[in-house]
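Chains as they are written, first to last, in our numbering: chain X, 472 to 873; chain Y, 160 to 558; chain H, 522 to 745.
Don't read these hints as lab results, they were simulated from the structure. Model, not experiment: these values are computed from the prediction. Watch out, some of these pointers could steer you wrong.
[Stated by the list, open to error] Stretches of chain Y that chain H covers, calculated by requiring three or more beta carbons in the stretch to come under 8 angstroms of a beta carbon on chain H:
1. 277-287
2. 323-329
3. 550-557
[Said to hold, decoys possible] Simulated crosslink set (PhoX-like; lysine-lysine; CA at most 25 angstroms straight-line):
4. K521/X - K483/X
5. K333/Y - K177/Y
6. K404/Y - K590/X
7. K572/X - K521/X
8. K860/X - K177/Y
9. K590/X - K394/Y
10. K604/X - K521/X
11. K521/X - K590/X
12. K333/Y - K351/Y
Glycine included, each C-beta is placed from N, C-alpha and C at the ideal position.
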Amino acid sequence: MIGYDIINYGWKSLRGYPARTLLMLLAMSISVASVLVLTALGEGARRYVKDEFTSLGTNLVIVLPGRNETTGAGLNTMMGVTPRDLTLDDARALTRHRSVKRIAPLNVGAVEASWQNRKREITLLGSTHDLIKIRQWKMDRGRFLPQMDWDRASPVCVIGKKIRQEIFGPHEALGQWIRLGQHRFRVIGIMASEGRSIGMDVEETVIIPVASAQSLLNTPSLFRILIESKTRASMQSVIDFAVATIRERHHGEEDVTVITQDAVLQTFDRILTTLTYAVGGIAAISLGVAGILIMNVMLVAVSQRTAEIGLIKALGASRRQILRLILTEAVLLSCIGALIGFSIGIAGSWGIRAALPDLQAYPPTWAMLASFLVALLTGLLFSLLPARKAARLDPVLALQRH
Amino acid sequence: MLTRDFLHLTSSAILTHKLRSFLTMLGISVGIAAVVILTSIGEGLHKFIVAEFTQFGTTLVAINPGKTSTMGMSMGVFGTERPLTIEDAEALSRLSFAKSVVGFIQGNAEVEGNDRTRRTTVYGTGHDFPTAFSMPVSSGQFLPDDDPRAPRALAVLGSKVRDELFGNSNPIGKRIRIGGDRYRIVGVMESKGQVLGFDLDDTVYIPLARGLEMFNRDGLVEIDVLYHEGIDEKKVVAGIKRLLKSRHGREDFTITTQQQMLDVMGSILDIITFAVAAIGAISLLVGAIGIITIMTISVAERTSEIGLIRALGGRYSQILLLFLGEAVVLSAIGGVVGLAAGIGIGQLLSLMIPALPVHTPWTYVVLAEVTAVLIGLAAGVFPAMRAARLDPVEALRAE
Amino acid sequence: MIRLEEIHRDFQVGDQVVHALDDINLEIGQGDYVSVMGPSGSGKSTLLNLIGILDHASSGRYFLNQQNVTDMDELEESRARNQHIGFVFQSFHLVPRLTAAENIELPLILAGIHADQRRRLVGEALETLSLTDRAEHTPDQLSGGQRQRVAIARATITEPTVLLADEPTGNLDQHSGAEVIQTLEALNEKGITLIIVTHDLKLGNRSLRSLEMVDGRIVSDHTQ
Ligand SMILES: Nc1ncnc2c1ncn2[C@@H]1O[C@H](COP(=O)(O)OP(=O)(O)OP(=O)(O)O)[C@@H](O)[C@H]1O
Ligand SMILES: [Mg+2]
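In isolation and in its complexed conformation, chain X is listed as follows:
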């Protein structure tokens, strides 16, 4: 019996029982498809977060006040204040390194903004001209904060899109004087960015010069210092320089944490990759269940076809050939099931991408390979028992059974 004949025989047996064949194909394809769709979702989430961080700016080094021995840059330090503030002078001192391309000191607070009789609470950002280049934001109209001395307060502000809508409505915002806390600022620009940035919604932010922010919020301390290094390779030397400089300026006390976005990104990447594996694994349990089903049905098929197998044996088939016949049938089944599941899975991820364009939901290559292989293997493995049972049938008894 040659390969083609074996496959043909298997195919005919499957076609002989269309209902159960279709049901097994359904089970197999649901499993494969769910593995693909779920891993695609996980992969999409991973890419989304990655993009999010890249949009923070490239080669970015972040200096934040406070350090904790046990947790490093944990939650404790993220919100902390220190006895010795991180100041504008500290930030200025950090510009003296040849690999530093740009620096933006950052101040954050919440104040009430009002114009005519409209009011709302906003997030206030105090920074400098370079912030827009570091964060790679875009302007909608007008211009960003002007290039000027960091210590000079200036009554100008740049507002986010949502702030513009909610405070100015249909009115022209550019050139208007808006009240922030106790002071008045002139709107010189409107941000275009879609607010895709971790922790802060650009659309609901008002940006003013850092010196103005410090007097408005009545604090000399900075929330963060953002440093853009010239090259990726020079980031480590920038980090070392930042730590050393601040320690020196703070009388030998190392009271800042310096992180790169890469470090943060890697953490997220690791978490989301693990999550994708976990979700794919849980979905793959269903492949096992489908395997059990195939085994069950093949067992039934063998006992129903006892007479037929006896006859084939009587006609001179060897044990090996019978074994191969049954295995081929199961593998054919799981192959077709996996292929259908594959198509559904690919179509499903396409559907997700169509519904959520932000999510680059492509099933990862490992998931595609693994789901296909696991499907094939389960088909093969779970049909071993029925196939052996068939091969070992005593032809005399088998023929008597009918």
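Chains Y and H with the ligands: place on chain X using the hints.
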């Protein structure tokens, strides 16, 4: 047909094909076990987090400066025009429902003592802190009830800071420097471990006013009000709001009750648990297809038996019931086995990985079993209808 | 008690119509013993199925115990089959996974009769057919004749008025066949209406009345 006879007929059919029935049940068992384990982990996490929160008492209300509260975190922490002050805290403590009121400033500073230094989290707070947050001292005492505006320079160490600076020696009465200023140690806190990412042992507590001075702030990060039990939470919130509004002239603060926090956390965790359970349920779906397949085969095999029962006066509904019953019994037993396996593996997991909280509530057990039975019903309907609709004459001719 | 009027039973096979029963008019009284003979494909089984309310006529009227069967709904039909009609098949049709006693019990179970009463009735039936020592055997442990006697016990356990036997000896050797016929005739003597389809001329001659069918029609109706 009587129930007992019905069960007997059903089980005899299942027992005839033992291996086949076993494998069919196995499919459902695996699915149920997957769902039970996953939801148990979800529920365990939920319980764990609720316990983390409520260990500080449930009659706690937190007040933060600033009104906008995106993602539960008030941006006002970074400085508003009208800060929450020690005076605000004092005024709040005069409210009738207030059992104790604790103000907070939190920062990061270097602590020097016993010739060692360590950077740690510094809390400026009041003498009521241990009662409000049920965090007892293990030796010495907490900060005393000094004049809130001019407290003495006393400090209480978290257990980790004590270990790092003083090892096993008794630190009480010793002098340390915190952020450059000199303090005398009066107590050491009991170890609390990490709570939601905050290491509560790597801390030093100093009086609130001194904390404000050290960090050069005039506003508190948070004021917590512990109210007497049995008082309506809404009343408490309204009372606090009224008082602070009259003091500040407007509502420039955010009040968060313990219950709100729990609700938010709870709903997030519920969604995650549900999603994970749904992924596990894919296996259940495949198991259900297994039941449909096997029942379809079974109907085909027993065509002549079905014809006979019809000839003996069996009704359409009786045949429907017989096959439905078979499917339900298969999935119900599969469900029980899956439940047992799920709970067992869950317990084993929590033994092997102690950090993983696992909890299987009784409602889940019942729910999982009901699900299994429903799956059996749903999966059985199609084959059972097929059986019941067979033409008796045709069925009798089949062999 | 059985009255068929102008009964037709047509089968559509492709675009061809097979007249399995063609204008049957027949009356059978209580306690009659009727044999039906005829060549293969002449409609004997179809007639029996119709009388047993397993099948429905394409047209015509059928009265069983003065009741119009044509008007019955599914529930009434099932009850009539259970209470008034017993079937005996050529191929026995015993449920292979049930014991002899359990097979006999089936119609009582379907009727919803309690277990102790069932046990008594089954015990009596086994006794009458001298199968008591075979009660716990499954069909594959019984001989052909024993299987058919179990089937007869099952058909008569609800004390039906009509017993329909479609070639009951077709799968049996001469000796067992004779035994089965004796059993059936003994039941007829006690008052049950017995209708037997058979190819066996000798057997046909034993009955009081014999019908002969050809091409779906009754071509002779002979009473001794
Ligand atoms: N379901 C059916 N579909 C189509 N034709 C049928 C069907 N059942 C019976 N027939 C036809 O009806 C006719 C009568 O069949 P029936 O089984 O009653 O014959 P019979 O007299 O019992 O024959 P035998 O002695 O071989 O059992 C035959 O021609 C048969 O082909
Ligand atoms: Mg016939």
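Inset, instruction - Sort out whether K521/X lies within 25 angstroms of K572/X, counting only the CA atoms. - result: holds (23 angstroms)
Inset, instruction - Below or equal to 25 angstroms on CA atoms is what counts here, so check K333/Y against K351/Y. - result: Within the cut-off at roughly 23 angstroms; holds.
Legend entry - Coverage of the stretch 550-557 of chain Y by chain H, judged on three or more residues with CB within 8 angstroms: Check passed, 3 qualifying residues.
Inset, instruction - Decide if the proposed pair is consistent with the structure: K860/X and K177/Y, CA atoms, cutoff 25 angstroms inclusive. - result: Holds. K860/X to K177/Y sits at ~16 angstroms (cutoff 25 angstroms).
Legend entry - Hint consistency between K590/X and K394/Y [alpha-carbon to alpha-carbon, up to 25 angstroms]: violated (28 angstroms)
Inset, instruction - Starting from K333/Y, check that the Cα of K177/Y is at most 25 angstroms away, please. - result: Violated - the C-alpha atoms of K177/Y and K333/Y are around 77 angstroms apart, more than 25 angstroms.
Inset, instruction - Please work out if K521/X and K483/X have their alpha carbons no farther apart than 25 angstroms. - result: At roughly 50 angstroms apart (the allowed maximum being 25 angstroms), K483/X and K521/X break the hint.
Inset, instruction - Go check the stretch 277-287 of chain Y versus chain H for me, would you? Three or more residues, Cβ under 8 angstroms, otherwise it fails. - result: With 0 residues closer than 8 angstroms to chain H, the stretch 277-287 of chain Y misses the three-residue bar; violated.
Inset, instruction - For the pair supplied as a hint, K604/X and K521/X, confirm whether the alpha-carbon distance does not exceed 25 angstroms. - result: holds (19 angstroms)
Legend entry - Agreement of K404/Y and K590/X with the hint, judged by alpha carbon distance not exceeding 25 angstroms: Given that 25 angstroms is the threshold and the Cα spacing comes to 18 angstroms, the pair holds.
Legend entry - Verdict on chain H covering the stretch 323-329 of chain Y, criterion of 3 CB contacts below 8 angstroms: Violated, because only 0 residues of the stretch 323-329 of chain Y bring their Cβ atoms closer than 8 angstroms to Cβ atoms of chain H.
Inset, instruction - Measure nothing beyond the straight line between the CA atoms of K521/X and K590/X; if it is 25 angstroms or shorter, mark the hint as holding. - result: Roughly 36 angstroms separates the two Cα atoms, so the pair is violated.
Of the numbered hints listed earlier, those contradicted by the structure are 1, 2, 4, 5, 9, 11.
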